[in-house]
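**Student:** Line by line, the protein sequences are chains A and B.
Numbered by the working numbering, the letters in the first sequence go through residues 1 to 221 in order.
Numbered by the working numbering, the letters in the second sequence go through residues 222 to 442 in order.
Hints were generated in silico from the structure; no laboratory data involved.
Predicted model, so just to flag it, every value in this text is computed and none were measured.
What you were told as hints is all true, and nothing was included just to trick you.
Pairs of lysine-lysine residues, derived as BS3-like cross-links and limited to a Cα-Cα distance of at most 25 Å, are as follows: (1) A/K186 x A/K112; (2) A/K158 x B/K379; (3) B/K333 x B/K379; (4) B/K392 x A/K171; (5) A/K186 x A/K158; (6) A/K171 x A/K186; (7) B/K333 x A/K171; (8) B/K392 x A/K158; (9) B/K289 x A/K12; (10) B/K289 x A/K68; (11) B/K233 x B/K289; (12) A/K158 x B/K407; (13) A/K171 x B/K379; (14) A/K186 x B/K379; (15) B/K392 x A/K112; (16) A/K186 x B/K407; (17) A/K68 x A/K14; (18) A/K68 x B/K233; (19) B/K407 x B/K392.
2 protein chains.
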Amino acid sequence: MSHFDAELTALKEKLLLMASRSEATVTYSIRALVERDDDLARGVEADDDAIDRLEIEIDEDSIRMLAKAPLASQLRLIICASKIARDLERIGDEATTIARRSIELNTEPQLKPYVDIPRMAQMAMEMLRDALGAFTSGDTERARQVIPRDRDVDALNKQLYRELASFMIEKPTTITRCLSLMAISKALERIADHAKNVAEEVVYLYEAKDIRHTGSLEIGR
Amino acid sequence: MSHFDAELTALKEKLLLMASRSEATVTYSIRALVERDDDLARGVEADDDAIDRLEIEIDEDSIRMLAKAPLASQLRLIICASKIARDLERIGDEATTIARRSIELNTEPQLKPYVDIPRMAQMAMEMLRDALGAFTSGDTERARQVIPRDRDVDALNKQLYRELASFMIEKPTTITRCLSLMAISKALERIADHAKNVAEEVVYLYEAKDIRHTGSLEIGR
Chain A
1 MSHFDAELTA
11 LKEKLLLMAS
21 RSEATVTYSI
31 RALVERDDDL
41 ARGVEADDDA
51 IDRLEIEIDE
61 DSIRMLAKAP
71 LASQLRLIIC
81 ASKIARDLER
91 IGDEATTIAR
101 RSIELNTEPQ
111 LKPYVDIPRM
121 AQMAMEMLRD
131 ALGAFTSGDT
141 ERARQVIPRD
151 RDVDALNKQL
161 YRELASFMIE
171 KPTTITRCLS
181 LMAISKALER
191 IADHAKNVAE
201 EVVYLYEAKD
211 IRHTGSLEIG
221 R
Chain B
222 MSHFDAELTA
232 LKEKLLLMAS
242 RSEATVTYSI
252 RALVERDDDL
262 ARGVEADDDA
272 IDRLEIEIDE
282 DSIRMLAKAP
292 LASQLRLIIC
302 ASKIARDLER
312 IGDEATTIAR
322 RSIELNTEPQ
332 LKPYVDIPRM
342 AQMAMEMLRD
352 ALGAFTSGDT
362 ERARQVIPRD
372 RDVDALNKQL
382 YRELASFMIE
392 KPTTITRCLS
402 LMAISKALER
412 IADHAKNVAE
422 EVVYLYEAKD
432 IRHTGSLEIG
442 R
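Starting from the given sequences, assemble the full structure and let the hints guide the process.
**Tutor:** Right, dumping it as structure tokens:
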């Protein structure tokens, strides 16, 4: 393995480390909400700082490597890594929003048992795991199947928004709590959106290579 | 001028075209809100489609050019163009959110004259114009001055959020309208955030070059 290939492998590994950390922040932020655990919520904010640092590192590595990459397929991997890192960084930010809103919610009695939010969280997390699994394995079919699922999460977010809006009109004492739950639902919708972006990057990364062999530059999206 | 330099110039021009279109969507979406003009709001959604197509074109151009770029400074310009295009595309999305919420707001009497929202919009637009001006001129000092202004827009958004939350508790009949205004304020906060990202890209684009001459790869952010 050449020195450059070793650097590419290290870049991929750093990205996967970042991925597992941002996945973890989402899991912890939702657990902090459901179990009303402020310490866990505060931990998410600290983890988010580490994720931000990883994004900067990946960006620096990418730029350094771009100038030396001999092959188009290597260039594409480096670009995709940098774009995926940006999405993962944003996922960490959204998890931080969930954690902060959970801390606010924990200062008041629980409105009702949370059903839709953990379900949305599970859907978004599965999208992210499939997109990252597809990145690791090069399975673009798996990545493609992630993309339409974003619409399901959008629909759940809209439904929950309408329910919470009606609920606060009926019971104005719940307004503060409903607003926090809306913000959490929106954050999950954005996490699913980032997972979809990662899936699109993976399709592009692996399929542009094949397409390029046929002489076309169409990226098919 | 070599063929490659001509391609780089064309890429920059396409990005500036995209920039002026996304600036225009923000202006129109706010005007649609303030002047209660549904047609203008619907026009923003159509413009957003054109902006999305420009982002895909810039991405395709970038990838094609990356494989041929002979110099590190060219690589950097191509990467930055692609990242800035992503931010501009998101600005178009946020303008669409403002336009859609304006249409909703126009179905009910106006809550009160809009003061803070046009002010936030102006701040965000000035940040974007300065960041793009710095991109065109290479004036990184101007780009640097954009970055701290994001905090002012954040503060205004938080203040407006608190005011609207109190207002809806006092007068629950205004809840739907307050929720729409909150969404618009949040969209403006995100537009300012994207303008800050563009400014950071510009600093990186022009200063990494100088820094690279001294042998350091630190990007200073």
